[in-house]
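K.L.:
Each step along the sequence shown adds one to the number in my numbering, with nothing skipped, and position 29 is 29.
Just so you know, the hints here were simulated from the structure itself, not pulled from any lab data.
Glycine included, each C-beta is placed from N, C-alpha and C at the ideal position.
There's no promise every hint is true.
Each pair of labels, with its calculated beta carbon distance range [to be verified]:
#, residue 1, residue 2, range
1, Gly-16, Arg-176, 19 to 29 Å
2, Gly-31, Glu-151, 14 to 24 Å
3, Pro-86, Asp-29, 19 to 29 Å
4, Ala-122, Ala-102, 36 to 46 Å
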Amino acid sequence: MQQIVFVRNVNVGQRGHPSTADLVGAFADAGFADAGSFQSNGTLVVEWETDAGTGASAGPAAEVLELAMQALAARTGLEREAFAVPSDDLVRILAADATGPAWDRRELTLHGGGVIDSAAPAVTREAAHRRCRIVSSGLGWTVLENERDRESNATPVIERVTGGPATSRGFPTLQRLLGRLA
1 MQQIVFVRNV NVGQRGHPST ADLVGAFADA GFADAGSFQS NGTLVVEWET
51 DAGTGASAGP AAEVLELAMQ ALAARTGLER EAFAVPSDDL VRILAADATG
101 PAWDRRELTL HGGGVIDSAA PAVTREAAHR RCRIVSSGLG WTVLENERDR
151 ESNATPVIER VTGGPATSRG FPTLQRLLGR LA
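Turn these sequences into a full structure, and let the hints guide you.
P.N.:
Spelled out as structure tokens, the structure:
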């Protein structure tokens, strides 16, 4: 099962950040040798092997990601969080929400919380404060639309709302990723 992994707080090539080799190597150390990096922002494509008889994956995403992030810390001394979305789900999310004149100001945020209620007053206030709005949400993911071009407000909104870490990628980046995978 192909997963798209977002590693939080990565800018490859910058001091204090893991390298592409570190990221890919961490997944290899965790037993996933076919991980591939996309761009320099900590986005990876990882194949979870499944059992031919049962279709069961190598483990729940949280367990797989925890192993890989432990391996990354062992390699680099850097602690990071990671979140994953199945590529089929990513295709569905983009198909539903990558339309309209402002689609390129949208971001997909992955997080460890549940489904975020976009109508909750505290959520709408936080999004408005950061000049964005929630478009849609599912278990562990949220699509936000920024009011202005070249702004990226989704991660701080979701981190504030959930109280936990989150990480986002812009829809144009995700469209390029899906194009590469096609």
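K.L.:
For every hint, state whether the structure bears it out.
P.N.:
Outcome of the hint check:
Separation of Gly-16 from Arg-176 is about 26 Å and conforms to the stated range, judged on CB atoms against 19 to 29 Å. For the pair Gly-31 and Glu-151, the beta carbons lie near 38 Å from each other, so the given range of 14 to 24 Å is not met. Taking the beta carbon of each, Pro-86 and Asp-29 are about 23 Å apart, inside 19 to 29 Å as hinted. At about 24 Å, the beta-carbon gap between Ala-122 and Ala-102 misses the expected band of 36 to 46 Å.
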